[in-house]
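Listed below, chain by chain, are the residues.
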Amino acid sequence: RKEVEQDPGPFNVPEGATVAFNCTYSNSASQSFFWYRQDCRKEPKLLMSVYSSGNEDGRFTAQLNRASQYISLLIRDSKLSDSATYLCAVAYNYQLIWGAGTKLIIKP
Amino acid sequence: DAGITQSPRHKVTETGTPVTLRCHQTENHRYMYWYRQDPGHGLRLIHYSYGVKDTDKGEVSDGYSVSRSKTEDFLLTLESATSSQTSVYFCAISEPTLSSEQYFGPGTRLTVT
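Chains as they are written, first to last, in my numbering: chain A, 1 to 108; chain B, 1 to 113.
Mixed in with the good hints there might be a few duds.
Simulated restraints, written as ranges between beta carbons of each label pair [to be verified]: (1) B:R22 to A:K42: 15 to 21 Å; (2) A:C40 to B:T71: 30 to 36 Å; (3) A:Y70 to B:T113: 39 to 45 Å.
Take a look, some chain A residues computed to stay more than 10 Å from chain B by CB distance [what the hints assert, rightly or not]: (4) G9; (5) E15; (6) A17; (7) T24; (8) Q31; (9) S32; (10) E43; (11) R59; (12) A91; (13) Q95; (14) P108.
Straight line, CA to CA, 25 Å or less: simulated DSS-like cross-link-like pairs of lysine-lysine [what the hints assert, rightly or not]: (15) A:K42 to A:K79; (16) B:K57 to A:K45; (17) A:K45 to B:K11.
Rather than coming from a laboratory, the hints here were simulated on the basis of the structure. Note that CB positions come from ideal geometry on N, CA and C, so glycine has one too.
Please build the complete structure, drawing on both the sequences and the hints.
Below, the structure written as structure tokens:
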């Protein structure tokens with residue numbers, strides 16, 4: 001079993017819809033959690049950190065469920081520009097363990 | 001955007017030749033990382049550095065070596081490149097805080113023929 005797992009997708013979603021991704025992790029001692037966005041042939045960029053209480057940034061909401069060991073990302077009112085691969089990352093001892101990413105395609 | 005550059009951005013080399021990739025940061029971050037990214041595998045850690053001259057291996061370190069003689073520079077060397085090392089290589093930086101978020105350079109696309 002991989003340490004961090006994501007559904008690779010692709011998720012094909014119409015513009016304006018709501019879409020959610022999950023990411024499961026195996027190390028219960030993990031300390032921090034993140035969502036990154038990666039556009040084709042570009043570097044990953046930090047989208048948002050995931051806090052225990054959940055956090056929201058505009059159309060994006062991230063949540064952490066420590067009991068079930070997963071994090072989630074919800075995108076509301078999706079835009080064409082949201083098309084990308086979304087990577088989750090889990091921190092332990094100053095290192096990040098990465099999921100392989102979920103590809104999202106927003107269709108007009 | 002964090003001040004991280006990588007050079008070269010693209011390289012084609014032949015099997016058996018040595019290759020050195022450079023990562024340069026202007027953020028004065030203590031930690032630096034080298035990853036490779038391949039389809040289906042996500043980001044895999046090759047080596048990392050937690051200070052000048054302080055480095056350690058990641059999960060896929062075989063065939064790679066690193067050096068960090070200055071805070072701002074982290075070099076990745078493929079001693080004798082193989083076709084299995086064809087990949088996209090990303091450098092990242094972070095500070096040793098509890099949050100540990102990392103910031104990435106633009107990547108180097110390496111092809112070994």
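Hints versus structure:
1. B:R22 to A:K42: 15 to 21 Å: 19 Å, holds
2. A:C40 to B:T71: 30 to 36 Å: 32 Å, holds
3. A:Y70 to B:T113: 39 to 45 Å: Taking Cβ atoms as reference, A:Y70 and B:T113 lie about 42 Å apart, which means the hint holds.
4. G9: 13 Å, holds
5. E15: It holds; A:E15 is separated from chain B by about 27 Å at its closest Cβ, greater than 10 Å.
6. A17: The assertion about A:A17 holds, with a minimum of 26 Å to chain B.
7. T24: 14 Å, holds
8. Q31: 7 Å, violated
9. S32: A:S32 is in fact no farther than 10 Å from some Cβ atom of chain B, at 5 Å.
10. E43: 4 Å, violated
11. R59: 21 Å, holds
12. A91: 4 Å, violated
13. Q95: 7 Å, violated
14. P108: 27 Å, holds
15. A:K42 to A:K79: 19 Å, holds
16. B:K57 to A:K45: Answer holds: B:K57 to A:K45 is near 24 Å, not above 25 Å.
17. A:K45 to B:K11: Answer holds: A:K45 to B:K11 is near 23 Å, not above 25 Å.
Violated hints for the displayed structure, listed by number in ascending order: 8, 9, 10, 12 and 13.
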